[in-house]
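Peer 1: Sequence:
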Amino acid sequence: MKLPDKMELPAKGEEVSFSNIKEVCEFYELPHLWEKIEKDPPHILFKSDGCSLWFDSWKKSNLYAACFLHDLKYWAGYPEENVERLVADAELMIDVARILGSTQMAETMFHGVRVGGTEVFKRSFSWAFGRQKIAPKKA
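Quick note on numbering: our numbering labels position 122 of the sequence shown as 122, and the sequence is numbered without any gaps.
Misleading hints may appear alongside valid ones.
Quick list of the computed label-pair ranges, beta carbon to beta carbon [to be verified]:
| hint | residue 1 | residue 2 | range |
| --- | --- | --- | --- |
| 1 | 10 | 61 | 12 to 22 Å |
| 2 | 108 | 18 | 12 to 22 Å |
| 3 | 80 | 32 | 32 to 42 Å |
| 4 | 43 | 13 | 14 to 24 Å |
| 5 | 29 | 62 | 31 to 41 Å |
| 6 | 10 | 90 | 34 to 44 Å |
Derived DSSO-like pairs (lysine-lysine); straight-line CA-CA distance at most 27 Å [claimed, not checked]:
| hint | residue 1 | residue 2 |
| --- | --- | --- |
| 7 | 6 | 133 |
| 8 | 36 | 122 |
| 9 | 133 | 59 |
| 10 | 47 | 73 |
| 11 | 59 | 22 |
| 12 | 6 | 122 |
| 13 | 36 | 59 |
| 14 | 22 | 6 |
| 15 | 60 | 12 |
| 16 | 122 | 60 |
| 17 | 12 | 47 |
| 18 | 39 | 60 |
| 19 | 133 | 12 |
| 20 | 6 | 36 |
| 21 | 59 | 122 |
| 22 | 122 | 133 |
| 23 | 39 | 59 |
| 24 | 122 | 73 |
Calculated from the structure, these hints are not laboratory results.
Ideal Cβ positions, reconstructed from N, Cα and C, are used throughout, including at glycine.
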């Protein structure tokens, strides 16, 4: 997967259109994610909060793109899709490690999303937040 910040991503908190989501999926080579969204779009509109309860940048390195893609995967996920969630979290860890050139922050973020991103909390950043029956709670 590409991770350079060459694509202008929507701002934090901005509603993202399906056409823009398609462009993001094409740019970052995520065809399976787009197929999932196109086949069964989540009923809650997508907004990214960046690196939920974390830093969007660290020591002059921008983590927003990695977190945006992670949010997109969480939004499109289905409840109880445990393997897909683990893959999304591992990809975030790998992307952050590549951006920072270090594993410490990446591993910390991985453990944070494994605990804090579970769907039972029904937060605005929980797994499958785009498919929740009621609007997710704000962080």
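Peer 1: A separate judgement is required for each hint: does it hold in the structure or not?
Peer 2: Quick rundown of the hints versus the structure:
1. 10 x 61: 12 to 22 Å: holds (20 Å)
2. 108 x 18: 12 to 22 Å: violated (33 Å)
3. 80 x 32: 32 to 42 Å: Violated, at about 19 Å.
4. 43 x 13: 14 to 24 Å: Between residue 43 and residue 13, where Cβ atoms are some 19 Å apart, the hint holds.
5. 29 x 62: 31 to 41 Å: violated (19 Å)
6. 10 x 90: 34 to 44 Å: violated (24 Å)
7. 6 x 133: Status violated; Cα separation ~35 Å.
8. 36 x 122: holds (21 Å)
9. 133 x 59: Status violated; Cα separation ~39 Å.
10. 47 x 73: The hint holds at about 12 Å.
11. 59 x 22: violated (31 Å)
12. 6 x 122: violated (32 Å)
13. 36 x 59: violated (35 Å)
14. 22 x 6: Satisfied, since the Cα-Cα distance of roughly 16 Å is no more than 27 Å.
15. 60 x 12: Judged against 27 Å, a Cα distance of about 18 Å means the pair holds.
16. 122 x 60: The given pair, whose Cα atoms are some 32 Å apart, is violated under the 27 Å limit.
17. 12 x 47: holds (7 Å)
18. 39 x 60: violated (38 Å)
19. 133 x 12: holds (23 Å)
20. 6 x 36: holds (24 Å)
21. 59 x 122: Measuring from Cα to Cα gives roughly 31 Å; hence the hint is violated.
22. 122 x 133: holds (10 Å)
23. 39 x 59: With a Cα-Cα distance of about 39 Å, the restraint between residue 39 and residue 59 is violated, given a limit of 27 Å.
24. 122 x 73: Status holds; Cα separation ~16 Å.
Going through the hint list in order, the structure does not satisfy hints 2, 3, 5, 6, 7, 9, 11, 12, 13, 16, 18, 21 and 23.
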